[in-house]
Amino acid sequence: MILVLVLACAGILLAASVLAVVIGRTKAATPVVYGVCLLASLLACAAAAAELLGSSAPASLALPLGVPWLGAHFRLDALSAYFLAVVSLGGFAASLFALGYGRHEQAPARVLPFYPAFLAGMSLVVLADDAFTFLVSWEFMSLSSWALVMAHHRDQENVRAGYIYLVMASFGTLALLLTFGLLAGPDGGYAFADIRNAHPSTVLAALVLILALVGAGSKAGLVPLHVWLPLAHPAAPSHVSALMSGVMTKVAVYGFVRIVFDLLGPPAWWWSIVVLALGGITAVMGVLYALMQHDLKRLLAYHTVENIGIIFIGLGLALAFKAHGMAFAAALAMTAGLLHVFNHSVFKSLLFFGAGAVLSATGERDMEHLGGLIHRMPQTAFVFLVGCAAISALPPLNGFVSEWLTFQAILLSPELPSWGLKLLVPAVGALLALSAALAAACFVKAFGVTFLGRPRTPAAARARETDRSSLAAMFFLAALCLIAGVLPGLFMDALAPVVHGFVGARMPVQAGVEWLSIVPIAESRSSYNGLLVFLFMVISGTLAASAIHRLASDRLRRAPAWDCGYPDPSPVTQYSASSFAQPIRRVFGTIVFRAREHGEMPPPGDMRPARLTVELHDLVWETLYAPLAHAVGFAADRLNRLQFLTIRQFLSLVFASLVTLLLVLAIWP
Amino acid sequence: MAVIIDLAVQGAQMLLVLLLAPLLTGLGRKTKARLLRRRGPSLLQPYRDLVRLMRKEVVLAESSSWLFRVIPYLVFAATWVAASLVPTFRTGLLFSWSADLIAIIALLGSARFFLALAGMDVGTSFGGIGSSREVMIASLAEPAMIMVVFTLALVAGSTQLSTVAGALLNSPVGLRVSLGLALFALMMVALAENARIPVDNPATHLELTMVHEAMVLEYSGRHLALIDLAAELKLLLYLSLIACVFTPWGLGGPDAGAAALALGLASYLGKLAIGGWLLALFETSIAKMRVFRVPEFLGAALMLGLLATLLLFVSRSL
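Chains Y and L supply the protein sequences, listed in that same order.
All the letters of the first sequence, read from the start, carry residue numbers 3 to 671 under our numbering.
All the letters of the second sequence, read from the start, carry residue numbers 1398 to 1715 under our numbering.
Please note that a few of the clues may not be correct.
What the hints assert, rightly or not - With beta-carbon atoms standing in for the labels, derived distance ranges: (1) L:G1696 with Y:L55: 43 to 51 Å; (2) L:R1573 with Y:T625: 17 to 25 Å; (3) Y:M609 with L:E1459: 31 to 39 Å.
Rather than coming from a laboratory, the hints here were simulated on the basis of the structure.
For glycine and all other residues, C-beta sits at the position ideal for the given N, C-alpha and C.
Here chain L stands alone, though its shape is the one from the complex:
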């Protein structure tokens, strides 16, 4: 019986992230529009976009291969699995131990690897430019992320995300310089990984500095819908990650009852709303940077992460 409940909770989490992801993107777009004194599209617009794309026919480039048609499913699957493994409203889900934080990062790495290949598949210059810039950004963002993981793992004594969240919630960790630095690094990485301003502009299609959009330029119809959904899931994943590690309040424990679960869910939704609003505020108040400024930005994130880890290594013996 307990197993069935656990399975149900795990399934609920998988569905929850899938259903919430477009809403979060819609919230971001709406907030940005309001900040610019526009009315903006409805919160539900991303769902409508997905449905519309699903109904359209796929226009496939003549030089594309079988890999091009498989990649949207691969990218979506890897991102969905990764997003389902990050605690949202409850820690210690049934399969939470099957992959720790390093594996979650690596799953996102798999998704990116295949997406970059998709950019190369048709053999156009736009796809190539997107892929080559994406891997350049990733080559700095990924190590920075691993350094953040090191910091969290050393503070909590585990790379298991459920354990990390539990440790930060229940034990008196207190304010730590390392955690502050790691939070900064994580936010910078999240901006870069999700192709947000100032690294990339998610709203543009015709600009030479575009990265993510250039890679997926040749996709259409249901394939594009899957890739968009995967991108939305990734944004949700990063916000959930920041929420569950740095603001773990309200998160239900492994043996939480119905009331605790409801509280966890409510606080999760609240955190997402605040996170989405803050992201929109940040994006509105800053300009996009040149592509070759991005390495400096991400290099700073890497150095912050390294500094945070180094502080923890050194402070062990004090």
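Next up, chain Y with everything else stripped away, as it sits in the complex:
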């Protein structure tokens, strides 16, 4: 019943897409389309949450669509319900935001038809129950998001972003196609139920794992497959950026979990080594890339890469524990990873909305041209600050809870018997701690340069507070950050049926614990109570404030800034984004990006200004993609000659290939 309902929601979204084509040029199109999306997403989110909390048996449905002998299978189990809830929640918030933000869109006819289709595609991916439906929905999601990336196609940078995205998305889908081909085997059982019953050999399973990592990882943004993400996510309109970064990467995580935890059968111990190493590297590289950016939306996109790394660390630990039969530890690690899926989708959407509000208020994405927006946009600044604190894993907000759970899972791993993991897991723990600390640095920079200080351009000085529905969407997500931070037990309990299905155990029930604490293993081992920490902070802050207002002087005078006696009125003398990152660039960037600074100081008497240029290298691009692109170009150049053959040569070429193929067929055993 619920399955029919959520499929109907996807159908409504598809219908809205068609409607948008018809009425796209009229004035009412924007509110109507986003309004329909908002209601459909809300309905789907409520239905998915009801399914998750009600924990009924999985429902399936086969529709006579698609390939005739297969049909389209849909299934709603706990995992699908959880991810559907995440997708629809993101869709709801983005549609609410777009009700206001969408009015600033110059070319609504290029956005409105694809937006509902994108939402529908993502919902259908998590509901699909056979390889064919999964891949078609996946491509649907990829292509509609590509169309949204290309919405502002007159910008040359966006065209390049769209091109790279298209290439990477096709590559990822190819990997997934091969994954399902291998899983289905020679008899071609493409329904997920058939795949579950087949047991692939060790070599085949290893191959499937690698292909799934490439296919889902390229969509999620695992390093080194992340290159398209920081180009494509910022290029789209901001509410779509929020969906791509906050939600579509989670659909990719869903694909990975579905294939590796569900379809592939019991894991081998070394799988986790691959996943953990990739996760750790992705986490640190993502945040280091983010620190080097001064484009606000690109910084956020790179930060998505970091959070995907954190999620994969949780999933990798879960695989390790599962392979060694430690079901309870696996449940803890998987809960940590999946909880971070929800948390990240909430605060990343919030931050992209904030960036969108800034963009529509000032027309600027470059932080070096912003500053002082907290005076002009106080409410946006407040919610953006909440998002920054949440993503930096600061208590009592939600980002901290999932990272804390991941640390607790790491502390259980000395019991793992295999040596490779014993050596790797502490290093991954260090990488996780490093990425958390760097994330805080990154968001001090993002918030400090954009919202604090003095405006660096007239555009920033003239900014106006954003509209009501955008603010409503952001306040809604900020409230969710706080609620999930102080009452994490509710969310962990909701995840129990998801986790139980894959690792055969669940975490202890958190709902009955005194004072609403969370206790992952045992009270003597570790516990955390976000609610009490929040209350303590409120109480001690209030105590301090009231004591000071009673006892201390309350005189206050406004005066020019002190700045050690040398204040400079020009806003250019403030710390900029790149100068803020300079110490970190010098410590980490000299190795990771081969960062070099070149100072050019004219001789005395020369009136030219001195210049400092920073040279950064993206080593992933330069060592992996640039040679690859070069090789493809070279091969294409050589093959170009084939176009200019004579008719005799063409015919002999055709004949030769026919003979070769027949020979291969004859010799094939």
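Since the structure of chain Y is already known, use the hints to place chain L on it.
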């Protein structure tokens, strides 16, 4: 009744850390002055400074925002809560389970996050330089601290500070290489986190290498008093942490009577005095390092912590 006593003990701890924090700073300053053959200010000077600052008017920069005025309270609240959760004279306080050691570190991280934002708020170059250096130092100090936490948690089988202290006090843990390495790493992190020599100089105002002082340069009056008090609390927190984990002797258990509590209190005061004296001695005998030497110093702390954790991981199966 038991709940009321527990609440009273918890409240006493909160007040105790608040009252002792300036005294510890005063002790450090006095000892340093004596080591330099100066007479030095009175032990009570930090209290007088706080009172004086409270009485003064606040001079607020014209370009500062509402956040600038809220941050001192946020920083103070986060640091005070964190300091109240570290066992001082007794383990197993009423609310000790509400946050474990990782959460305490993260609370200090929150305080630093907001303080760094305060440095950016007015839009001066000094504030920016302080903030950017502070986050650079933190980006290495925090992982090093997490590695220390891992070591302690693996030795004691818990991240709960009360349990860790109890385990190290009561069970025959003995001398361990890992604990030694962790102690070294923790001391290095504590020096960096509290802006002490050799990482930063707490006594300077006009030096380009300053970090903490540059961040709070624009603060005055009651706001500055709160920030100073928070910094003093943080120093006390780190000394209490080292004391309760590495020298847990005398610490009262969860069911300690009045005599045990008195003993716990006396030993705590003794440990603080020794710790403050040692810190002053160390600071006097070493020179401040260049800013870009600090990553090497903290990188060493991170490696020590990682080595300690790795040893524990590997030694589990031996």
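Exercise. Check each numbered hint against the structure and report the violated ones by number, ascending.
Key: Hint check: 2 fails alone, others pass.
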